[in-house]
Structures are given as C-alpha cells and as structure tokens.
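The listed protein sequences derive, respectively, from chains V and S.
Those letters in the first sequence? Residues 0 to 426, per numbering that gives the first Met the number 0, in order.
Those letters in the second sequence? Residues 0 to 426, per numbering that gives the first Met the number 0, in order.
Treat the hints as calculated values from the structure; they're not laboratory data.
None of the hints are false.
Identical copies go unnamed one by one, so any copy, or any two together, can satisfy a pair.
The list that follows gives simulated cross-link-like pairs (lysine to any residue, SDA-like), each with its CA atoms no further than 25 Å apart:
1. Lys243 / Glu349
2. Lys262 / Glu349
3. Lys347 / Val324
4. Lys262 / Ala345
5. Lys262 / Gly194
6. Lys389 / Arg152
7. Lys273 / Ala311
Since we're looking at a predicted model, the values are computed, not measured.
There are 2 protein chains.
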Amino acid sequence: MSGELLVAPEQAEELLRRMFQAAVAAADPAKVVPAFLPEPPAGRTVVVGAGKASAAMAQALEAHWPGPLSGVVVTAEGCAVACARIRILEAAHPVPDARSEAAARAILDAVSSLSPEDLVIALISGGGSALMALPAPGLTLADKQAVNRALLRCGADIAEMNCVRKHLSAIKGGRLAAAAYPARVLTLAISDVPGDDPAVIASGPTVPDPTTFAEARAILDKYGIEAPAAVRAHLARAEEETPKPGDPRLARCAFALIATPQKALEAAAAEARKAQITPMILSDSIEGEAREVARVLGAIAREVRRFGQPIAPPCVLLSGGETTVTVRGDGKGGRNVEFLLALALALKGERDIWALAADTDGIDGAEPIAGAIVSPDTLARAQALGLDAKRALANNDAHSFFAALGAQLITGPTRTNVNDFRAILVL
Amino acid sequence: MSGELLVAPEQAEELLRRMFQAAVAAADPAKVVPAFLPEPPAGRTVVVGAGKASAAMAQALEAHWPGPLSGVVVTAEGCAVACARIRILEAAHPVPDARSEAAARAILDAVSSLSPEDLVIALISGGGSALMALPAPGLTLADKQAVNRALLRCGADIAEMNCVRKHLSAIKGGRLAAAAYPARVLTLAISDVPGDDPAVIASGPTVPDPTTFAEARAILDKYGIEAPAAVRAHLARAEEETPKPGDPRLARCAFALIATPQKALEAAAAEARKAQITPMILSDSIEGEAREVARVLGAIAREVRRFGQPIAPPCVLLSGGETTVTVRGDGKGGRNVEFLLALALALKGERDIWALAADTDGIDGAEPIAGAIVSPDTLARAQALGLDAKRALANNDAHSFFAALGAQLITGPTRTNVNDFRAILVL
Chain V
0 MSGELLVAPE QAEELLRRMF QAAVAAADPA KVVPAFLPEP PAGRTVVVGA
50 GKASAAMAQA LEAHWPGPLS GVVVTAEGCA VACARIRILE AAHPVPDARS
100 EAAARAILDA VSSLSPEDLV IALISGGGSA LMALPAPGLT LADKQAVNRA
150 LLRCGADIAE MNCVRKHLSA IKGGRLAAAA YPARVLTLAI SDVPGDDPAV
200 IASGPTVPDP TTFAEARAIL DKYGIEAPAA VRAHLARAEE ETPKPGDPRL
250 ARCAFALIAT PQKALEAAAA EARKAQITPM ILSDSIEGEA REVARVLGAI
300 AREVRRFGQP IAPPCVLLSG GETTVTVRGD GKGGRNVEFL LALALALKGE
350 RDIWALAADT DGIDGAEPIA GAIVSPDTLA RAQALGLDAK RALANNDAHS
400 FFAALGAQLI TGPTRTNVND FRAILVL
Chain S
0 MSGELLVAPE QAEELLRRMF QAAVAAADPA KVVPAFLPEP PAGRTVVVGA
50 GKASAAMAQA LEAHWPGPLS GVVVTAEGCA VACARIRILE AAHPVPDARS
100 EAAARAILDA VSSLSPEDLV IALISGGGSA LMALPAPGLT LADKQAVNRA
150 LLRCGADIAE MNCVRKHLSA IKGGRLAAAA YPARVLTLAI SDVPGDDPAV
200 IASGPTVPDP TTFAEARAIL DKYGIEAPAA VRAHLARAEE ETPKPGDPRL
250 ARCAFALIAT PQKALEAAAA EARKAQITPM ILSDSIEGEA REVARVLGAI
300 AREVRRFGQP IAPPCVLLSG GETTVTVRGD GKGGRNVEFL LALALALKGE
350 RDIWALAADT DGIDGAEPIA GAIVSPDTLA RAQALGLDAK RALANNDAHS
400 FFAALGAQLI TGPTRTNVND FRAILVL
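Looking at chain V on its own, in the form it has when it is part of the complex:
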C-alpha cells in the first residue's frame, strides 16, 4: 500500500464503530420493514409475530401501513415498544413460561376464522420459538421442557431438536400458517440462525415442515430418551402431521427474509469501502468456543500483516454467527467480549490491528453491554492498570476487563438480532 492512508490509527476505533452501526442499521426493523410491505388486502389485515425483534417490527409496520389492522405480537422482556393497534405481549426467554403459552393461544385466536380475502402478516425473529410455545393437546409445558432438557444433555443436534419440538407443539412447524387458512400469509423474518433456513428461524411456525412423527420417535429412540408417558403417547398416536411441503393450506403463504447476518455484514463491508478499507467477509455463521475462534481469526489477521494474505492491508475481516462460552469462572462476561479478550492475548499487542466484537441485539451475555473494542495497546494498558488478561479470561471476566479499560461498547437494546458481529481491522 503506497500513498496516503485514508484511515489513520487514531480513527481506527471510530471506523469500527461505524461498521457495527451499519450492520445493526441493516437489521433495524424501522429501516427494513417498510420496503417489504404488500398492498393492503380486500379483507382484514391481522399482524402476529414472535421474537426479540418482533415488537419493533410491529411498530415499523404500524407506522407505514395505509389501512386498518389489528393483531398481537410477543417479544422478550425489555424488547417491547409502544404500538397503537397491535397488542404487544412479553414472555420469558430462553426458557418459555406460562406467558409464552398465553401468547401462543392469543396468536392462534387472532388468525382463526379468517377469510380468503384476509391477510396475515407474521413477524418472525430469533427467540420466537421460546416466546410462543404451545404444547400439543394432551401435553404440558413441563412435558416439553423435560424432553428439551434430555435432548440437550445427550448431544442431539439442532435439526434433531427441532424435529421433536415441532411434533410436540400446536403452533410450530407450519401449524400457525395452517391455522390461518384460508387467509393469505406473508411472513417477514429476521434471521439469527446459520443458513437462514425459514424452517429453523423460531421453529418455522409459518413454513412447511418436512420432518415427521416417525422421525421424532426415532430420535428419542436413538438417544434412549425416557420421555414422559404423555409425550410417548402423543408421538405414537401421530395425529395430524405438521403441514408438509405442498400442503394446500400453505399454498398462499409467502416468506421474505428482511434481515440476515450476511446482509448486516455486507452493510459493514460497504462502510469499510467508503473509507477505502478492503472488506473480507469470512463467514456469516461462525460457531465454536469463543476463545478458540479468537485464536483462528487472530492467526488470519497475523497472516494479513506478515504476508498480505488472504488480502493485503488496509483491510477488515468481518464475520458473524454465534460462538459459545464454556463457563468455568465466576466473572462477568459474554461470548463477544470473551472472544475479544482471547484475541488480544493471541495478537500479543501486534501493531496496526484493532477489533470490535458485539452482539447485534446490544446485549452480550447477561449485561446491558453490546461488546468491546481491542486496540494494539490493550494488553499494555491493562498491564499498566495491574489487570491480568490471562486471569480475566480464565475467570470468564471479560466485561470487567474491558470496563476497567474504558473499552466497552454500550448501545442499549437494539430491538433486533442478527447474532454476533466481529470486525478485525488491519491497517
């Protein structure tokens, strides 16, 4: 790179913040919902929905909808916003409670007895599966939870968990859309899952479910799960399958992904290009233990500095997805700040590298903190303050670490969620 550098080192952090803001803006319901709204129908318009972003989506819809509408949407505590015509409910997340069940009933009620002239708009986003939970007839929430816990313990993968869940539910796996028949159904979805599969986002209440009761039984058998008797009986009866692809009741359903992790990363990439920084999107769906992910991405950043590969600096390596933290200590942390602390240790103060990692919903872990920023002098500043970075990582105490450095990123709840955002800037 010859010539004048457009981004000076002292502007690095500001550029990272702008990229994160661009990513969140690309998933902001107020900005993205309007373009996806259809013409009002001849009949009624009923809005339903579930998810952390769904109240904000409802507010945006209400603000731009030219005709009459009504409806009910459930969101997580802290994510509610004021709506005039759409009722906003709150329920527990990530473990469903009685409010989740009441919300699911209210939503099914809202879409029942509609006519072919009516339109249902379903506002679906991450978290919707827990927030809108209705056990199939004869089952209780406790039955479902027992099976969920057993599946988690035995290491079932997400596809297996979803198959069983959908067959214990009265609303997931396309049943909400079937309940709305013969009305038209338009789903507007914000994805927080790897692959953006509509059948996976909030367990796909409005899309066909290719899995079957027989498969759900086979999964419980495979892992030797001792399910409650009511669950065994329900799966054995196999009454009323979930709607399958081609089901005529879902023939008038449309689905639009209005925000995704990839689109958010592309917005950040565009922001980088404006500053003449080459963006490289590594992946929209990185999973894995946060501290190990940090070592891998740190190694790629070092390769940029040493060899100008996979791209030459000045550049930014962007990634999304959702890492995990195996909690061993008792500190205050979150997966994004744990990633950053491990990244700082991996980079060992290497020159010209900055990084930002944050949860796009504004809450990393349990704290009202979105994430943090790492700079080349992070370790040196920590040492000067008597902070032991390795010890903080061992104690899962990254929020405290970055708080002491004044390097936290605080946005407040963004009321959307396209998962984690990571940017590593190499000048």
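Use these hints to put chain S onto chain V, whose structure you have.
Below, chain S without anything else, positioned relative to chain V:
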C-alpha cells in the same frame, strides 16, 4: 461459475493429494538444501544440526558439497537416513533423554577449536530443542525437566518457556554459535513455528538471545514455581549470559530459512492454480483446539458455497500451523484427523466440499499415518458402515474412523516438518 469445470468432482481427492505433495516437496531437504549451499571455505567444513529434518538435510548437503566435510547431526527416532561423512545420531522426542545430552556434547565438540578459515553449517529444524539438550554446568536433565513441567502446568506461554530454557542450557540461545567462534557459521533452518522466528526454532542455538537471566528469574517468580535448588542457584549466579544481539562472537553468523509453513502453502497454491482453482491462504500458523478450528474453517467453506465469499468457488482454502487436541477418550487419533472428523460433522455432507488435513512430517499423532481426506459423502458412507462419527470424535478415535472408510492418507515419514497442512476444496 459458467463454462467447463476443469476439476470434476471425481478428481477432487487427487487434486488435494497433489497439493499436499507440493507442500511437502517445498520443504523436502533434498530439493531445497542445494540452492542455499555457500562456496566451500579455505579451512574445514563442519556440519552440525538437530531436528526431525536434520538428517535428511545432512544427506542433501553431503550429496551436493564439492569439498571435504565432517560433522554430527541428531535427529528423532525413525528420521535417520544414511550419510557417508556426517555422523547421524538419534535421540528421544519430545522429551529429551541421555542421548539428547550425548548428542549436544558431540555437537559442541565438533565446533570447538575451529579457526577463522573454517565454516560451520548448522542444520536446524523442528524438534531440535529436545533432541539436542545440554544442561548448564551444575544442572541435570532432571532439573530442566522439572522446571519444564512446572512451566507447562502453570500456563506459561512459549516465549516465557523459551527464556527459561535458554538460561538453563549450555547450547541453546546462541551458545552453539558462540562455541564455534571464530569460525563462520551458516544456519540453514526449516521452520515449524508460528512467525518463523530464528530465536524460537529449536530454541535458537545459533542466533542471539535478547532475553536475560533476570527475566528467567522473574518468570519463575511470576508463576510461583518452586524450582530445584540447583536451578535457583544457577539463575541467581547468572554467570555467562547468552549471546546478545551485537555479540562479536556471532558477527560472522548468517541465517537462512530454507523452508517454512508459508512457502509450503504457496507451493500448494501454485498447484491449485494449475488446475484453475483459486487458492486462498488463510494463515500459516493456525493454533487452537482442533475440533473448534474445524467449526471455524467449516463456516468459511459454507460462506464460499452460499455467498461466494471470501472468494468464489472453485477455490481452495489453505492453512498451516499446529492445532491441539485435548484428549478425553481412548481412541486412536491425531490433531489433523480430529480436525477432519469435526469438519465433516460441521459440514453435514454439504455438496461440493472436500478436505485434506495432514502433518507434513507424515505422522499425525502417534500413528504412522499422515492424515486423511473428507468428501461430501464421508458421513453417509460412515453411517452405511454403522460408524458413529460423533461418538468417534468424542472418543478421539479419528484414525480408526478414517481407516474404516479407507480414507487415510499414508505417506511414510517425510523427514521434514513444516507443521500441519489443511486444504478445503470447494468446487
């Protein structure tokens, strides 16, 4: 991608093998040593060396050296090759034994009493630190081992370990070069360490050591290590520092990196280009838990397929470095095959993605197997054979898994080592 694909799916595995062969060839002493040989000196030529590749380096040198020479080189068991004029010793790896000490004495003897007209050629490669181990006067191998174990247990990083080791050694940290003074010293090195730092490869026996006795003491204090009394006394005496940068005894030393992980990856990249496959080198030094690294690189491969980013297919993602395996089971495995098994699980049979991972020394783990190959049908074939991929991974049993599939990569010892090689091919 329009037009004819030059690499058909049935050629994918063969292309991966060719890329691995190209990577190993780029580090093959027989191929790379000759170009780095200097003019014979007016005086004697003495060859010394230590490392897994050092016997093969000696053989290559001998075959191309126009004048008289003598010397002694130590390598690991199984890595010896026949030399006519250079004596080849074997010692234990990774934990040094009495043979390591005898080898170090023989090497110091060989370079003592030389004149300014003489030339020492030092052949250094990975493993040399353990294979050529000589405790400082007053210390025993057991003393050094006790400190090493304590440092490992307390989580000291590699730089800290090296600082202490160099100050407990009579040959590391430039002392070999100092012993050869006033002869000229040319070091030919094959790197297996992240960053290719000459002071780190085999603990830098022929390069200046910027670290000090005081720093070594501070590291033991920092971790509260109860070192043997002889070690404490030796560090406190601080007699005869390691040669520092600018030391006149090392003024006639030259150092050449004749093979590195990066050069090996670049050779594989060139092989890919010949087949019109775009190569992308992600990093020459990826570290981290093998199964977690697999999830990250798998996510990047999925991004290639879904979004054509960070590059469009057909392409190959190349990386080097050294992952780790936290052993929890009792199966037969190695870090490269563990990586591959986790990658297969992460990719879930995704179409058009193949991968090869192998240790460039030909030995992944304790087995005489270099690595393995994953194809889109790996999981399906395993299932057909009644193999449980998840269980095999949980039991660290990846060698058995790939053996059952006939997907192992067996090369025999390559007698060189530029660490791990990973290639993920997306057509």
